[in-house]
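Participant: Keeping their order, the protein sequence lines are chains A and B. Heads up, the final residue of the first sequence is numbered 111 in our numbering, and it's a clean run with no missing numbers. Heads up, the final residue of the second sequence is numbered 595 in our numbering, and it's a clean run with no missing numbers.
Don't take every hint at face value.
To be verified - No farther apart than 25 Å at their CA atoms in a straight line, the calculated lysine to any residue pairs in the SDA-like style are these:
id: 1; chain 1: B; residue 1: Lys587; chain 2: A; residue 2: Tyr107
id: 2; chain 1: B; residue 1: Lys503; chain 2: A; residue 2: Leu39
id: 3; chain 1: A; residue 1: Lys68; chain 2: B; residue 2: Thr101
id: 4; chain 1: A; residue 1: Lys103; chain 2: B; residue 2: Leu75
id: 5; chain 1: B; residue 1: Lys529; chain 2: B; residue 2: Phe100
id: 6; chain 1: B; residue 1: Lys132; chain 2: B; residue 2: Leu437
id: 7; chain 1: B; residue 1: Lys132; chain 2: A; residue 2: Asn99
id: 8; chain 1: B; residue 1: Lys529; chain 2: B; residue 2: Trp541
Claimed, not checked - Restraint-style ranges between C-beta atoms, simulated for each label pair:
id: 9; chain 1: A; residue 1: Leu51; chain 2: B; residue 2: Ile147; range: 37 to 45 Å
id: 10; chain 1: A; residue 1: Lys103; chain 2: B; residue 2: Glu180; range: 57 to 65 Å
id: 11; chain 1: A; residue 1: Lys68; chain 2: B; residue 2: Thr267; range: 15 to 23 Å
id: 12; chain 1: B; residue 1: Gly378; chain 2: A; residue 2: Phe50; range: 48 to 56 Å
Everything labelled a hint here was simulated from the structure, so no lab data went into it. Glycine residues also receive a C-beta, built at the ideal position from the N, C-alpha and C atoms.
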Amino acid sequence: MEKPQHNARAYWRQNLRYLIVLLAIWFLVSFGAGVLFKDVLNTIKIGGFGLGFWFAQQGSIYVFVLLIFIYVRLMNKLDKKFGYDDED
Amino acid sequence: MDVQSWTLLLVVISFSLYIGIAIWSRANSTSDFYIAGGHVPPLANGLATAADWMSAASFLGMAGLLSFTGYDGSVYLMGWTGGYVLLALLLAPYLRKFGKFTVPDFIGDRYYSNITRTVAVFCALMVSFTYVAGQMRGVGLVFSRFLEVPIDTGVIIGMLIVLFYAVLGGMKGITYTQVAQYCVLIFAFMVPAIFISIQMTGNPVPQLGMGSQVLGEETYLLDKLDGLSEALGFTAYTDGSKSTLDILCITAALMVGTAGLPHVIVRFFTVPKVRDARKSAGYALLFIAILYTTAPAVAVFARTNLLETVSGQPYEAMPEWFRKWETTGLILFEDKNQDGLIQYTGDAEINELTVDPDITVLANPEIADLPNWVIALVAAGGLAAALSTAAGLLLVISTAISHDLIKKQWKPDISDRSELVLARISAVIAVCIAGYFGINPPDFVAATVALAFGLAAASFFPAIILGIFYKKMNKEGATAGMVVGIGAMLYYMLRFKFDMFGGGTSEDWWFGISPEGFGTVAMLLNFIVSLSVSAFFRDPPEEVQEIVENIRLPKGAGEASPH
Numbered sequence: 024m025e026k027p028q029h030n031a032r033a034y035w036r037q038n039l040r041y042l043i044v045l046l047a048i049w050f051l052v053s054f055g056a057g058v059l060f061k062d063v064l065n066t067i068k069i070g071g072f073g074l075g076f077w078f079a080q081q082g083s084i085y086v087f088v089l090l091i092f093i094y095v096r097l098m099n100k101l102d103k104k105f106g107y108d109d110e111d
Numbered sequence: 033m034d035v036q037s038w039t040l041l042l043v044v045i046s047f048s049l050y051i052g053i054a055i056w057s058r059a060n061s062t063s064d065f066y067i068a069g070g071h072v073p074p075l076a077n078g079l080a081t082a083a084d085w086m087s088a089a090s091f092l093g094m095a096g097l098l099s100f101t102g103y104d105g106s107v108y109l110m111g112w113t114g115g116y117v118l119l120a121l122l123l124a125p126y127l128r129k130f131g132k133f134t135v136p137d138f139i140g141d142r143y144y145s146n147i148t149r150t151v152a153v154f155c156a157l158m159v160s161f162t163y164v165a166g167q168m169r170g171v172g173l174v175f176s177r178f179l180e181v182p183i184d185t186g187v188i189i190g191m192l193i194v195l196f197y198a199v200l201g202g203m204k205g206i207t208y209t210q211v212a213q214y215c216v217l218i219f220a221f222m223v224p225a226i227f228i229s230i231q232m233t234g235n236p237v238p239q240l241g242m243g244s245q246v247l248g249e250e251t252y253l254l255d256k257l258d259g260l261s262e263a264l265g266f267t268a269y270t271d272g273s274k275s276t277l278d279i280l281c282i283t284a285a286l287m288v289g290t291a292g293l294p295h296v297i298v299r300f301f302t303v304p305k306v307r308d309a310r311k312s313a314g315y316a317l318l319f320i321a322i323l324y325t326t327a328p329a330v331a332v333f334a335r336t337n338l339l340e341t342v343s344g345q346p347y348e349a350m351p352e353w354f355r356k357w358e359t360t361g362l363i364l365f366e367d368k369n370q371d372g373l374i375q376y377t378g379d380a381e382i383n384e385l386t387v388d389p390d391i392t393v394l395a396n397p398e399i400a401d402l403p404n405w406v407i408a409l410v411a412a413g414g415l416a417a418a419l420s421t422a423a424g425l426l427l428v429i430s431t432a433i434s435h436d437l438i439k440k441q442w443k444p445d446i447s448d449r450s451e452l453v454l455a456r457i458s459a460v461i462a463v464c465i466a467g468y469f470g471i472n473p474p475d476f477v478a479a480t481v482a483l484a485f486g487l488a489a490a491s492f493f494p495a496i497i498l499g500i501f502y503k504k505m506n507k508e509g510a511t512a513g514m515v516v517g518i519g520a521m522l523y524y525m526l527r528f529k530f531d532m533f534g535g536g537t538s539e540d541w542w543f544g545i546s547p548e549g550f551g552t553v554a555m556l557l558n559f560i561v562s563l564s565v566s567a568f569f570r571d572p573p574e575e576v577q578e579i580v581e582n583i584r585l586p587k588g589a590g591e592a593s594p595h
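Based on the sequences and whatever the hints tell you, model everything.
Facilitator: Structure below.
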């Protein structure tokens with residue numbers, strides 16, 4: 024086992040990396056697809072939905088739910104790897 | 033059975049259930065009262081958080097708002113769900129590890145200052161009171177429309193119920209009644225939505241029905257609605273009329289405000305471990321998403337139904353629901369050209385019909401001619417949504433008084449038992465004040481709900497984020513940031529919502545940003561001021577930096593403790 028201080032820093036850095044990636048997706052589906060690129064995406068139709076409108080009123084919400092569960096999985100694995108998991 | 037008997041039956045059954053749960057889950061210590069002893073399983077916490085969060089505004093108001101604003105309403109959908117991603121990734125796990133009872137607890141300890149703590153208590157009280165007044169009003173409205181009792185009597189019945197389980201059970205009682213309330217409210221929301229979706233598109237899943245073809249026609253529902261809207265002089269439903277910058281700002285303010293709301297954050301103190309805090313944020317958003325993805329479908333169905341039923345039709349031929357809502361003043365018809373037909377258009381000069389968006393969800397089952405028990409179910413669901421949120425807010429208020437002010441600042445040596453008594457007394461007082469505002473609603477309730485989000489965004493969010501992610505942030509920086517953030521937000525709201533400081537119209541908005549969206553600007557100001565001011569003062573003491581190191585690691589969250 025490496026030094027605890029070093030361990031903590033590596034854990035934190037990996038955590039930040041996950042956050043950046045997940046929040047980038049969070050930003051892209053809502054502010055990106057739902058607002059900024061809405062008009063371009065609306066030229067693509069899925070059923071009765073323009074894709075931009077679908078992202079703004081449906082798609083972004085589904086992705087948000089997925090993002091949290093992916094984060095939960097990633098962090099549970101990371102906790103275990105660094106021995107910070109809290110099993111009784 | 034008629035609608036009124038069905039409503040009475042369902043309301044009595046659901047209320048007895050809530051009271052039964054409250055008696056079963058009484059609080060025996062301050063830890064029970066403030067955070068349900070920290071023993072709530074993540075699934076139950078997810079359900080409770082969803083009910084806590086979804087208020088009368090989500091249940092009754094949102095679909096209506098969407099129905100009347102089309103694409104522009106997306107800000108509420110993305111804003112009020114996207115905030116949970118921030119909450120789950122940036123706040124909940126760390127605050128749970130910190131392991132105290134309240135948000136001001138964290139701010140006061142992390143910034144080693146009672147002044148900062150008091151600023152936080154002030155914000156928590158302000159946010160919660162403005163919110164809770166609206167909930168009580170919602171309870172009164174449902175009672176008056178469906179059981180035909182005066183609004184004030186409705187408010188008082190609601191007060192007594194909340195009083196009973198919030199005072200007796202504290203967080204413990206609230207948590208388990210919220211679980212039941214979530215089940216009631218989601219059932220009540222989904223049943224009519226599914227019925228109407230089948231009726232209009234043949235698809236039983238409303239989320240899909242919204243994008244399907246109209247039953248028996250070759251056109252897609254959304255295209256049909258766009259066509260109907262434009263033909264009548266409204267903006268096409270799937271296009272917006274707000275500026276892109278304003279849409280971005282409002283969405284961001286609602287997201288960040290959501291993540292900073294004390295009654296939501298405190299729910300994550302109730303689970304046993306850090307990993308449970310993360311997981312229950314996921315469950316919470318999942319349960320919220322069921323309603324939030326159905327609401328836009330309901331909005332489309334309701335709008336299409338409304339336009340088809342009333343537009344250009346003779347007034348004399350209107351169905352019964354139209355007259356019932358007319359008597360409440362929420363539907364107004366003025367026959368300007370005296371032809372006996374209803375002209376409903378986007379042109380204010382010749383438009384003859386005004387419909388209050390708030391009736392959409394309540395009237396929708398009637399407009400679609402659904403069975404009486406479905407209509408009654410919606411009333412019970414609306415009550416569940418309003419009561420669950422009111423209870424969560426009242427708990428924040430009573431905790432702020434008994435714990436953050438009295439225990440932490442005024443009388444630190446008070447015993448657990450007397451603190452519990454104090455917490456119960458504060459809850460009683462808070463319910464009475466909320467009831468008073470429900471009966472005598474100040475004109476600014478609607479305006480201040482937006483203010484509540486703006487305030488939370490401008491104050492708590494940056495202070496908490498910097499407290500976790502920036503170890504060197506000191507009390508001077510955080511306090512200056514919060515004061516500037518709140519000050520800017522208050523100034524903008526008072527000026528453009530209440531006509532103070534010279535007032536002004538939407539022409540005078542800075543960069544065209546509405547007061548609802550200004551929370552984003554105020555939040556950025558807070559971040560900038562905090563970071564610049566902190567550079568001029570000493571780093572926080574060693575032991576505070578250790579707290580920060582410690583909350584970043586999930587191991588050993590243990591039981592929350594008051595010390």
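Participant: Report the numbers of all earlier hints that the structure fails to satisfy, in ascending order.
Facilitator: 12
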